[in-house]
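There are 2 protein chains.
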Amino acid sequence: MSYLQLFEQHEGTLNKALDAIRSRSFYAHWPEPPSGRIYGETAQEDGLQSFKSSLNSAFTFPQKDSSGTVGSEQSPYGFPLDISYPAFSADDLIANAQSALSEWKQFSTKERAGILIECLERASKHFFHIGFSTMHTTGQGFIMAFQASGPHAFDRALESIATGYMAIDTFAESVQWTKPMGKMQVDLQKTFHVRPKGINLTIGCSTFPIWNSFPGMFASLITGNVTIAKSHPSAILPIAICIRSFQETLIDLGVNPHVIQIAIDDASQPITLDLAQRSEITTVDYTGSSSFGNHLEQVLQGSKTELFTEKAGVNCALIGEVESLDAVLDNLAFSLSLYSGQMCTTPQNIYVPKDGVKTSEGIVSFDDICTKLKEKVDALVFNEKMGPGTLGALHSPAVMSRVEKAKASGLHIIRDSASVQHQGFDSAISCSPLILKVESADQAIVHEEWFGPISFIIPVDSIQAGITAMSDSVKKHGALTTLLYLQSKELMSLAEEQLIDAGVHVSFNLTGPIWVNQSAAFSDFHGAGANPAGNASFADLSFVSKRFNVIGIRKP
Amino acid sequence: MSYLQLFEQHEGTLNKALDAIRSRSFYAHWPEPPSGRIYGETAQEDGLQSFKSSLNSAFTFPQKDSSGTVGSEQSPYGFPLDISYPAFSADDLIANAQSALSEWKQFSTKERAGILIECLERASKHFFHIGFSTMHTTGQGFIMAFQASGPHAFDRALESIATGYMAIDTFAESVQWTKPMGKMQVDLQKTFHVRPKGINLTIGCSTFPIWNSFPGMFASLITGNVTIAKSHPSAILPIAICIRSFQETLIDLGVNPHVIQIAIDDASQPITLDLAQRSEITTVDYTGSSSFGNHLEQVLQGSKTELFTEKAGVNCALIGEVESLDAVLDNLAFSLSLYSGQMCTTPQNIYVPKDGVKTSEGIVSFDDICTKLKEKVDALVFNEKMGPGTLGALHSPAVMSRVEKAKASGLHIIRDSASVQHQGFDSAISCSPLILKVESADQAIVHEEWFGPISFIIPVDSIQAGITAMSDSVKKHGALTTLLYLQSKELMSLAEEQLIDAGVHVSFNLTGPIWVNQSAAFSDFHGAGANPAGNASFADLSFVSKRFNVIGIRKP
Chain A
5 MSYLQLFEQH EGTLNKALDA IRSRSFYAHW PEPPSGRIYG ETAQEDGLQS FKSSLNSAFT
65 FPQKDSSGTV GSEQSPYGFP LDISYPAFSA DDLIANAQSA LSEWKQFSTK ERAGILIECL
125 ERASKHFFHI GFSTMHTTGQ GFIMAFQASG PHAFDRALES IATGYMAIDT FAESVQWTKP
185 MGKMQVDLQK TFHVRPKGIN LTIGCSTFPI WNSFPGMFAS LITGNVTIAK SHPSAILPIA
245 ICIRSFQETL IDLGVNPHVI QIAIDDASQP ITLDLAQRSE ITTVDYTGSS SFGNHLEQVL
305 QGSKTELFTE KAGVNCALIG EVESLDAVLD NLAFSLSLYS GQMCTTPQNI YVPKDGVKTS
365 EGIVSFDDIC TKLKEKVDAL VFNEKMGPGT LGALHSPAVM SRVEKAKASG LHIIRDSASV
425 QHQGFDSAIS CSPLILKVES ADQAIVHEEW FGPISFIIPV DSIQAGITAM SDSVKKHGAL
485 TTLLYLQSKE LMSLAEEQLI DAGVHVSFNL TGPIWVNQSA AFSDFHGAGA NPAGNASFAD
545 LSFVSKRFNV IGIRKP
Chain L
5 MSYLQLFEQH EGTLNKALDA IRSRSFYAHW PEPPSGRIYG ETAQEDGLQS FKSSLNSAFT
65 FPQKDSSGTV GSEQSPYGFP LDISYPAFSA DDLIANAQSA LSEWKQFSTK ERAGILIECL
125 ERASKHFFHI GFSTMHTTGQ GFIMAFQASG PHAFDRALES IATGYMAIDT FAESVQWTKP
185 MGKMQVDLQK TFHVRPKGIN LTIGCSTFPI WNSFPGMFAS LITGNVTIAK SHPSAILPIA
245 ICIRSFQETL IDLGVNPHVI QIAIDDASQP ITLDLAQRSE ITTVDYTGSS SFGNHLEQVL
305 QGSKTELFTE KAGVNCALIG EVESLDAVLD NLAFSLSLYS GQMCTTPQNI YVPKDGVKTS
365 EGIVSFDDIC TKLKEKVDAL VFNEKMGPGT LGALHSPAVM SRVEKAKASG LHIIRDSASV
425 QHQGFDSAIS CSPLILKVES ADQAIVHEEW FGPISFIIPV DSIQAGITAM SDSVKKHGAL
485 TTLLYLQSKE LMSLAEEQLI DAGVHVSFNL TGPIWVNQSA AFSDFHGAGA NPAGNASFAD
545 LSFVSKRFNV IGIRKP
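Protein sequences appear in the order of chains A and L. Going by the numbering used here, the residue at position 217 of the first sequence is 221; the numbering climbs one at a time, nothing skipped. Going by the numbering used here, the residue at position 514 of the second sequence is 518; the numbering climbs one at a time, nothing skipped.
Watch out, some of these pointers could steer you wrong.
Which copy is meant is left open, so a pair is good if it fits within one copy or across any two.
To be verified - Here are the simulated lysine-lysine pairs, DSSO-like style, with alpha carbons at most 27 angstroms apart:
| no. | residue 1 | residue 2 |
| --- | --- | --- |
| 1 | 183 | 20 |
| 2 | 389 | 378 |
| 3 | 389 | 56 |
| 4 | 493 | 183 |
In case anyone wonders, no lab produced these hints; they're calculated from the structure. All figures in this text were calculated on a predicted structure; none of them were measured in a lab.
Taking the hints into account, I'd like the entire structure generated from these sequences.
Set out below in structure tokens:
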């Protein structure tokens, strides 16, 4: 089969993605329920077996020239993975990438789209293996792990492919240009060529090793670049499964497998900074802490490297006026609990008017809001069917230390955290949400990110003051999300204006099965690129167009 | 008339521009001939009179809060303009801009498009005034001055408006999003808002004060930013006429005139660096020397300011194999002579195989190529009807010094430069092309830009060696243009591949009335953004999409 035939085979998928991206309407190419009816009755059990087979063994790739092994992943559910991976040196990674680039950039955009979607389709057969691997590296509950690293991540990859395709497709590839000049004319045959920036490095994070990496990788790939996925030392396996599958697919299709490489290190001998500073690396995608992100920005200053960042922020919520307080607090309690607050989109600072919240049943006092939120979290956490799976485990002991530090801050504890039992995983490190009360929005403790199950309820003088505190916080400390409960149109307009100005996405009045933590591929932009939390947005035009240039050729 | 009606009035113009941009086919909204039949029989004379009335007087703007005056422009044709302009402080410019921004960003993209095109249409009535002003600040001959600062520049502005409009229009403004979830569904009303980066500063250059400034200004404006045009102290009048007209139009339309401001200084008290470093300035467009551009990059390092550059490069040509040597050298002689080589697109380094050039009439030796090129330049320069108008005058005495320095380099002089008489302007500073011969592509003198009527003929061992020397030069020293004369398909493919890789636009085999110096709005990208000559391209998607972010709002 030719590459163009491969494109034609996937053209329907691409076109649906393009339609969704333009219209921002709902689309999911891969269904999100981890259901046997969709993915095959034995898929879950097969995936679990594959995961178990991966343990205590050596993981190998088609990728060439490894030297030694690395790997010391630890399941947050309390056991070592004991997987050894090949270590690849920066020199070998770059040599492989350069040789793959010279081939990859010769493909047409359609050919690249066909090959990349085929890679995704074949890798999607491993969704359950990837899901269990994500659970046991990040600590996510299984359903979330399946969705976040499987269908949702793959949809984000498809979104990036489609957005890059659309950007390239904006301008014609060639034209017969005729300029009339009175009685004569000038004719030129012009062609326009996509010139990729070169080699992309995507630096993965420990909590969403695939979801946060695929957008940069696939935006780079569709625009003719090759990519090196640097996995986080604590979450290698999920993306390793993907990349091994991609490389096998590429080989099967007759394409250089080094178009998509993996770089692996462990915490004792990190290679990320070294790689990122290599002059051959032309674009870097980074998701992770602000401290490392800021350092990366600093070391790349003055270089030609284009850096895309999603760093940390302080997400805010405001409970101002509500229709049904129960529905609101149910929603918020779930958002705080989901994956124990270890999402870059989890609310942290919750503003509440000090004189209480207007509800359909009258004013509810500030203190009652605090108590009721505690009760809602309790109800979820202590629900044996729902609690442990929603909370998951802590991806790192550092999160537990942070919870302890917050507890020791001396702030009033609205809800204390405690460990949560995970059936079958007695050694899981888990910890339910800690909710603290601060005195005012000025307290320094709320000006930084407390990544994990830690949130603060902050009294404000009025709803307007809360909106202003939120927009000030976003401007100064960055944020991925904001969530507001407001009823009056005037207040909603005011909030909208101030928060657009601050450069952050806004959700109003979420209740029911939709949470502020979630962003939907093809519809919601993830990250605005407009506040200190990062300069990138999945996937706007800048996210793809900065990865290539257009070169014009003119001939008579 | 409402702003939307204004949009509807100009929608046809916008749509033609959009069609041309997408297809890259020929389009010109404003005709390029400075012809009385097009622009009115008295237009040229009226424009000249307007120019004369501008002399020896005070130029004023609707723009507020000037303090003192500046201005010491000098016509390269030998007389002072004696125009005083209001000086605006950085503080006042920024205060004006901030207040205008809060209004401007509220307009819809359609409204902004309508207003901006109306601004251009009304300012286009001043094409001849602008033309004479450009002639007597930059030194361009009148026809070129008319075209470059009039129709061509205005077409580039329209191109930027359309490209920005298209980028914003890529994604829907709103959607009713419905996610099916088994027996239930989630509904969200989503809106997507263009958030401009803020205040743009466009730093103009001395040779193309409008053509090089309009793209950044109008790309900023259409995407919701306000702009401050910093004029070059030696070429204020042309853009001052435009901006006064824009501000009058804005006032007439009921829009804050400070949406488009001018900043003026003189060489003794420069304000550019001060302005560029203000934190309120969020994007900077720069055209000019590499030394100032590199300094600007350095001082803005680590800031949030997005910098778009068109710096200097070393443009290259290669005469390898030709059909008609006469036609080739006629074309090249004109390119070297046009505006005395003071274009960022003029070829400087001309590679010629040391064993001669294959022509339809046999091999012509290297030395004969040199002699014949000299004769072609002589024929143009000494043609009294064509010569002076093509060459124009030197925009600055620094160019003359550079010519003297090149002459004193000790290199063999193929064609010596000499002053050229401009009828009616006895004191014009003018100087015909200097052509020097170097020994090899390795000589350091050809590794830097010699802005002005200075070029070098460089012997190379073979055509392949010439192509490699060109691509090496582009990678190291940057270039806006390359021009190659080749006949064999293999060599053309080789050149195309190497030069795309080097990141530069390529023209092959130009003869007749189309020159490598020219780039056509809506079709040719100007600057590739892919080599050391600059990071911007008029007008690709990055050029517009980096000027705004998209903010999403979700409501049930």
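Verification of the hints:
Taking the shortest Cα distances, residue 183 and residue 20 sit within 27 angstroms of each other only across copies (15 angstroms), while inside one copy they are farther apart (38 angstroms). Taking the closest pair of Cα atoms, residue 389 and residue 378 come within 27 angstroms of each other only inside a single copy of the chain (19 angstroms); across copies the shortest separation is 89 angstroms, beyond that limit. Only within a single protomer do residue 389 and residue 56 lie at most 27 angstroms apart by alpha-carbon distance; the minimum there is 24 angstroms, versus 87 angstroms between protomers. In this assembly of identical chains, the alpha carbons of residue 493 and residue 183 lie at most 27 angstroms apart only when taken from different copies (25 angstroms versus 54 angstroms within one copy).
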